[in-house]
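A.B. asks: Here is how the chains run, residue by residue.
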Amino acid sequence: MTHIKVNVDGTTYEDDVEPRLLLAHYLRDRLGLTGTPIGCDTSNCGACTVDLDGATVKSCSVLAVQADGGEVTTIQGLARDGEWTALQRAFHERHGLQCGYCTPGMIMAARDLLRENPRPTSDEVRQALEGNLCRCTGYQNIVRAVLAAADEESASGRDEAGPGAASGQQVTEEATA
Amino acid sequence: MTDQAVDHEIGRARLRKEDARLITGQTTWTDNIQVAGLLHMAILRSPLAHARLTRVDVSPALERPGVIAAFSGADLAEGLGSLPCAWPVTEDIVLPDHPPVAVDEVRYAGDPVAVVVARDRYAAADALEAVEVDYDPLPPVLDLEAALAEDAPLVHADKGTNRCYTWPLATGESFDAVRERAEVTLKRRYHQQRLIPNAMEPRAVVVTPIAASGEYTVHSATQIPHILRIMLATVTGIPEQKLRVIAPDVGGGFGSKLQVYGEEALALAVARRIGRPVKWTESRSEGYLATHHGRGMIQDVEIAATREGRLLGLKVDLLADMGAYLMLVTPGIPILGAFMYPGIYKMDAYEFNCTGVFTTRTPTDAYRGAGRPEATFAIERIMDELAVELGLDPVEVRRRNWIRHEEFPYATIAGLTYDSGNYEAATEKALALFGYDDLRAEQRRRNERGDTVRLGIGVSTFTEMCGLAPSRVLRDLRYGAGGWEAASIRMLPTGKVEVVTGTSPHGQGHETCWSQIAADVLGVPFDDVEVVHGDTKSSPMGMDTYGSRSLAVGGEAVHRAAVKVVDKARKVAAHLLEASEQDLEFSAGVFSVKGSPEARRTIQEIAFETFTSHDLPDGVEPSINAETVLDPENFSFPHGTHLCAVEVDTETGKTRIRSYVCVDDVGTVVNPMIVEGQVHGGLAQGIAQALFEEAVYDDQGNLVSGTMADYLVPSAADLPDFVTDRTETPAVDNAMGVKGVGEAGTIASTPAVVNAVVDALRPLGVRDVRMPCSPHRVWQAVRAARSGAAGDVEGTGPAQSGQSGQAAQSGDVGQYDPSGKEGQA
Chain A
1 MTHIKVNVDG
11 TTYEDDVEPR
21 LLLAHYLRDR
31 LGLTGTPIGC
41 DTSNCGACTV
51 DLDGATVKSC
61 SVLAVQADGG
71 EVTTIQGLAR
81 DGEWTALQRA
91 FHERHGLQCG
101 YCTPGMIMAA
111 RDLLRENPRP
121 TSDEVRQALE
131 GNLCRCTGYQ
141 NIVRAVLAAA
151 DEESASGRDE
161 AGPGAASGQQ
171 VTEEATA
Chain B
1 MTDQAVDHEI
11 GRARLRKEDA
21 RLITGQTTWT
31 DNIQVAGLLH
41 MAILRSPLAH
51 ARLTRVDVSP
61 ALERPGVIAA
71 FSGADLAEGL
81 GSLPCAWPVT
91 EDIVLPDHPP
101 VAVDEVRYAG
111 DPVAVVVARD
121 RYAAADALEA
131 VEVDYDPLPP
141 VLDLEAALAE
151 DAPLVHADKG
161 TNRCYTWPLA
171 TGESFDAVRE
181 RAEVTLKRRY
191 HQQRLIPNAM
201 EPRAVVVTPI
211 AASGEYTVHS
221 ATQIPHILRI
231 MLATVTGIPE
241 QKLRVIAPDV
251 GGGFGSKLQV
261 YGEEALALAV
271 ARRIGRPVKW
281 TESRSEGYLA
291 THHGRGMIQD
301 VEIAATREGR
311 LLGLKVDLLA
321 DMGAYLMLVT
331 PGIPILGAFM
341 YPGIYKMDAY
351 EFNCTGVFTT
361 RTPTDAYRGA
371 GRPEATFAIE
381 RIMDELAVEL
391 GLDPVEVRRR
401 NWIRHEEFPY
411 ATIAGLTYDS
421 GNYEAATEKA
431 LALFGYDDLR
441 AEQRRRNERG
451 DTVRLGIGVS
461 TFTEMCGLAP
471 SRVLRDLRYG
481 AGGWEAASIR
491 MLPTGKVEVV
501 TGTSPHGQGH
511 ETCWSQIAAD
521 VLGVPFDDVE
531 VVHGDTKSSP
541 MGMDTYGSRS
551 LAVGGEAVHR
561 AAVKVVDKAR
571 KVAAHLLEAS
581 EQDLEFSAGV
591 FSVKGSPEAR
601 RTIQEIAFET
611 FTSHDLPDGV
621 EPSINAETVL
631 DPENFSFPHG
641 THLCAVEVDT
651 ETGKTRIRSY
661 VCVDDVGTVV
671 NPMIVEGQVH
681 GGLAQGIAQA
691 LFEEAVYDDQ
701 GNLVSGTMAD
711 YLVPSAADLP
721 DFVTDRTETP
731 AVDNAMGVKG
741 VGEAGTIAST
751 PAVVNAVVDA
761 LRPLGVRDVR
771 MPCSPHRVWQ
781 AVRAARSGAA
791 GDVEGTGPAQ
801 SGQSGQAAQS
811 GDVGQYDPSG
821 KEGQA
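Residue numbers (UniProt numbering), protein chains in the order written: chain A, 1 to 177; chain B, 1 to 825.
Because the hints were derived from the structure by calculation, they are not lab data. If you're wondering where the values come from, they're calculated on a predicted model, not measured in any experiment. Note that beta-carbon positions come from the ideal geometry of N, C-alpha and C, so glycine has one too. There are no misleading hints in this set.
Not everything, but these chain A residues come out facing chain B in the computed CB check (under 8 Å):
1) G39
2) N44
3) T74
4) I75
5) A79
6) T103
7) C134
8) G138
9) Q140
Which residues of chain B face chain A? A partial, calculated answer using Cβ under 10 Å:
10) A20
11) Y122
12) D718
Kindly produce the complete structure, drawing on both the sequences and the hints.
C.D. replies: Printed below as a string of structure tokens:
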């Protein structure tokens, strides 16, 4: 057993773990942070994507001990005070999800893209999300959602990592497509 | 007073109620479930496709740390029956025994041989390697045609044959007769490769027992909690009333979770045996072996036509790969297609024969479209060939044969009655959006120039029978259950509404759409409606979700239940307003007396009055809740026209989709946003079959494409933007006018893409490219055509199929073919 100390979504946890324990299983089985799902065993699908110290990782391909001393952000840590980020809103408003299993990883990967490239083209979005598989949407509305979030953020000048621009903004009731 | 709904809800692009939990990570996937004392189950699987089990010793596993129990197939045999097949399609079908864990013999790589239960998932997985198993190898059975030979090795030796069934259909004139008078006949062989469904959520099951009272709660990542409950009761002998099955949030299905799986029965049997809660979650690679596959057919198709391009007849002979066992509806999948081969066309003769064949591979069963994509592929591919043969435009040859809009309702040659449709309108709209004439002109110019990158244009129309299904039709097809759906509506005292549905969504958005339907009829706000589903305790009746049935049957049931609520409320309102029922109007949730608009009661007020029951009319029960169990009168028949333009690089074999346009007619639309999403996803899956995906086996029956790294599920970078549009011809056999949409995109897109690829290469002499049209296959087809080897008119590609082990030796292993001799002719 190895002792680790990890900050996840703002809370610090200390645990003794087997060195082989995957970060994904640590999050899910030990911490109960089941918002991060697992979709494959070959790091192809990206469902388990989280942020580790500012970079996205597939948490099925990282050992929990590698996160020792680090900061992990999961889908469960994005909304603040119940307010969704621009990406979360955009996925909702552009119908960027159906079953929703890939969505946490998809949003985490898109968040990383927008940090590096705040105004991506449609093709750049598709390339950037290549490591995240979705079986429901055909990706078109995911791409729309990411582009919409980019638009909103650049209009508001706010960092994607933070809550949306217009504080307390109501989510619209109908799709804008 | 509670707010009333102002607008009609039907047709609104309401954002989904489901999304909030999904985009914040507050979802309940089955694997998320933790229960005190939970144990983890792991399954040891056969590494061989076919072998006799001579010894299974689980005792060494019991020595491993954290292991609580371990079982062989023999250990579990008592009290655990054969897994069910609910669709024995013929009277003389061969129904093999299917134990959840093999006892004497394994019949596919992945067949379970032992079960270990441990305190955590790692310990359970570790302990599997301690189980000792001796295998006595038997010959694999992989080639569908060779499997039917007299001396073929047998998958089920006790059955004496690998032929599972032969199912014939012949309607209209005899095909032989029309072939005699035909001016043109064409015969082609098409291959439907095996596909792996790849729902993003792997399968999982959690069984929580109350040992003392013999009660069990089963959480499962399933599309069919209601059917599963009945079947698990049958398989385990646990009384049905002691079983509660819950489908919590389910991450996609595409048919793969329309199943009663061995692992579900095993988790239940083990939990019963040891009296503790048990969880099993498959890894993706395990799922590739253990979750059923789709497609897997060889199609011999022959058409007869006149020189003017009028179809006279169609003859279809299928060989369908059942895999090693018959799962829930395995034998019925090709039969769902049997009625769809004629597509949208008129003809005088139709003959269909399907032979199901056992092989030593993972069982097949429903995969998005289930029989209907295969049928559509065959007819739409050969219609293109007919167009070429006659020198006609592929759209024109279709136009000369399709059912005209004024001919509906139309009794088809296959015996269905298509209720409504307008193929002309959908096609015209699609052609305009696509810029068909301009693309054809560009194609001609580029062909004349001899471009190395060729432009291909693919056309596909489709219709499908969905909205499964009228129960009497299912009886005639020997299906083991009915096709009804249940809905009930509970009017709560505070004026809020619960809709209880028997459908079981896993991404389709039923919570949103059923809320729209109920809100529309009842005149209550959309947000005041809650949809209850997926739990046999809270929604006790249902036939679940598959076959594009949920809206046409389940949504229609919600609609009818809501109408019943209004009818019941009307009696109470009339009493309270001291008016006769005939003098009441109901609009936007308000009962009012004609001519005196101030005399009004909202439906929420009626709900409260009914709750107190202080002033109900004599003989009226204190409830305006209502229930409907709806048996549909007919299938529904969505249709559409899909057009695809591809750029095919003849030097690298790479295909790029340049544009994709589809116009679908799914009848009345409840939520256009959700319909568009369903079409997008369907297109992606159909395109994936055309270009990317194949479950490849080697000649020993090993699944070569056994991980997600080896099986190409397309990513965002592999797919284009789609242009989707609709025409709206309401269904006439249900009150809402709705048809199904879940499978539409998958059905039409595969032939549209392959037709485009072949269209691009036809000037080079290529007649066909076998799916998936990977760069390697396209390149081989081009090379074979250039070397003059493309002369095989009868069929398309080697006689042995992608289903075939021997074919693997002759080089037919798809994109893994190292020999390069799989020329397509």
